[in-house]
Amino acid sequence: MENVRVFALGGQDENGKNCYVLSYNEDIYIVNTGVKVPINAHNGVDTLIPDFTYLESNKDKIKGILISDIRNESFSALPWLLMKIPGLKIFTSRLSKEIILDRLAKYGIKKDTYKIYVLNERKKIGSLFVQPISLPGSVPGNIGFDFITKTGDYVFMFNYVEGDLEIFGKTWFNQLPKLFGKRKIVALISDSGKTNFSGRAIDKIRLPESIKNVFEKAKNSERIIVGAYGEDMVSLQKILILAKKYDRKVVTYGKNYADLLEITKKICISNDSCKGFELPEIIDYRYIQKNKNIVVLVTGAIERLFLRFLRITSGEDVYLKINPTDHVIMLAPPVNGLESQAAFTLDEIARVTHNLVDISDSEYFYCRPYKDDILNLVRNLKPDFFIPAQGLYRYLTDAANHINNEPSVRPTEAILLLNGKILHFQDGKKFSNNGKIKDVGDVIVDGFGVGDISSEVINEREVLGREGVIIINSLYDPKLRKIIGKLHINYVGVIDESEQKNMNKLIKNILIEIISENVFPSLFELNEKIRKTIRKKIFKLTDKDPLVALTLTQV
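In UniProt numbering, the protein residues as written are 1 to 555.
Derived by calculation from the structure, the hints in this document are not laboratory data. Don't be surprised by glycine CBs; every beta carbon is placed ideally from N, CA and C. There may be inaccurate statements among the hints.
In the BS3-like style, the derived pairs of lysine-lysine whose C-alpha atoms are separated by at most 30 Å in a straight line are [what the hints assert, rightly or not]:
1. Lys292 <-> Lys219
2. Lys266 <-> Lys292
3. Lys150 <-> Lys124
4. Lys219 <-> Lys245
5. Lys204 <-> Lys382
6. Lys430 <-> Lys61
DEER-style ranges, computed between Cβ atoms [stated by the list, open to error]:
7. Glu339 <-> Thr113: 39 to 47 Å
8. Gln341 <-> Arg183: 44 to 52 Å
9. Asp347 <-> Thr551: 43 to 51 Å
Please put together the full structure from these sequences, using the hints given.
Here it is in C-alpha cells:
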C-alpha cells in the first residue's frame, strides 16, 4: 500500500517562508525552504523561517531537499535547516546550485556537511523517481518537480508563467502532458498567490510606456535611477536592453542582483544560450557620482529596497546621492502591508527630484501564474486534486473556488490546505485531510542566530524603543546581604541628565530597603523583586515604564 501525505510548513496564508513536504510511506521529501522578511523589520527581527521541529524529529527519513528556484522565499532558509540537520542532500538546477553554494558559504556552512546535485533528468531519490520540469521564471533555472509513484504522480510548480521568456525559460502547458505519458496526476500543488489578477501573466511582460519615455527624453547629462526587486531579473533585463539601446552604462547597486547577473552571464556563455541576454557596459558602483549618462539599478528585497532609498534620500548612503536632474523609476509595487512605507519613500524622492515614475501593481509583470494560467494548467494536466499554494488566504481561496466552479476542468477537485494541515492519499485516492502537524509557525532569526528571541523578547525590544532602559550593576555579598563596591546606574532614553541625581538616590534606597528587610531563596527572585519595584516607582513619578536591566554579581 502506498501512503502519500502532502502538507506545508510555511507559505500558506502568507507571503514567503515557502516550505512543502511530501512523504511517501517512510520517506520524506522537502520542496523549498524559504524565508519571510517581516513587514516591520525592527526590534532586531531580520527574518522569519519555518519551524523545522517536525523535520528534526524525522531527520533520518529525509531523502532530499528539492529547490525550485533561488528567490528568497524559496530557498533562503536552507542555511538554518542545514545547521539543524547536517548531512542533507539538495537537488536543484545548475544555476540555482551556484547561487546556493555561494549562499551557504557566506553562512559558514562547510561543504562536507551537505551534498548538492544538479537535477536535469529523471533521478531516483530514496524510493521514488523525481522528474524535473523546466519552467520559465523570474530567474533562469526555475524547475518544477514530478514525484512518480506506482499509483500516480504528485506535481509541484512554483514561480512560473506560460510562454517564452528566452534565457529565463519557456513552457507551453499544452505540451506538458507529454512528460507524463499515460500516468495520471493525483495532485497538482501550484503557486496561486497572484490569482487576484485576471488573464495571463505573459500578457504584461512588456515594460510600461512610461519607462520607455524616460529613456527617450532623458538627456545625456541626466542619470536614470531604477528601483527594483533584485529577484525580478526579467524586468531588469528589459531595463538593461533599454540602457544598451540608448548607449548608457549601467551600475548594479545591490549585491544579490549583481551576483545573479554575473552567474547567469557565465552559465549562458558556457552553454552558448545568451539569446535575449544582451548586456550594456557595466561599471563599478564606486564611480556612480563621476558618471552622468548612466542607469543605476538600486535593488533589494521587499522592505529593504524602500529602506535603502530612504537612506539615499537622507544623505546617509556613501556612494549614491539623488540629484534634482535625476530620473527615478520605481519598478517595485509594494507587497501587502508596505503601502504606507512605499508612499513615504516616494514622497521623500519627490522632494529631491520631480522626475519620478512609479509603476503600479496593475502595470507590473509578476513572474507568477495569474487566474487564466492556473485554469489552463489544470485543464491540460487534468489532476485529480488541485492544491493552491504560496500566497495569502484570500487569493488561495479565490483560486480554489475558480477551479471548483469551472465546468471545463471537472472532475478536478481543489482543496485548500493551511500550514500544517495534511492531505493523505492511499494508493492514489484521497484518504483524509483531517491530520495536522503540531509544530508550524514562525521561527525568528536575528543577528545572533535562529530562535534566539521569542515573542516576549520582541515585546521587550518595543518597550526599549518607546520607554528606554535603566542599566544597574554592582557586587553583592549574599552572606552579609549587602551591596559592596560602587553602584553603577546608567539611563538610556528615560530621563534628562538633570533628573538623574534624584533618580539615583531613589534606586539606591529601593535596593537597600529590599535587601535589608527581605530574605530571598535565590538571587533570581531578589533581582525580580528589585526590577519590578523600580519600574513601579518610576512609572508613578515619570509616567514611563522603562526596562530595568539589573546585574548583581555575587562575591
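- Message: Which constraints among the numbered hints does this structure fail? Numbers only, ascending.
- Response: none
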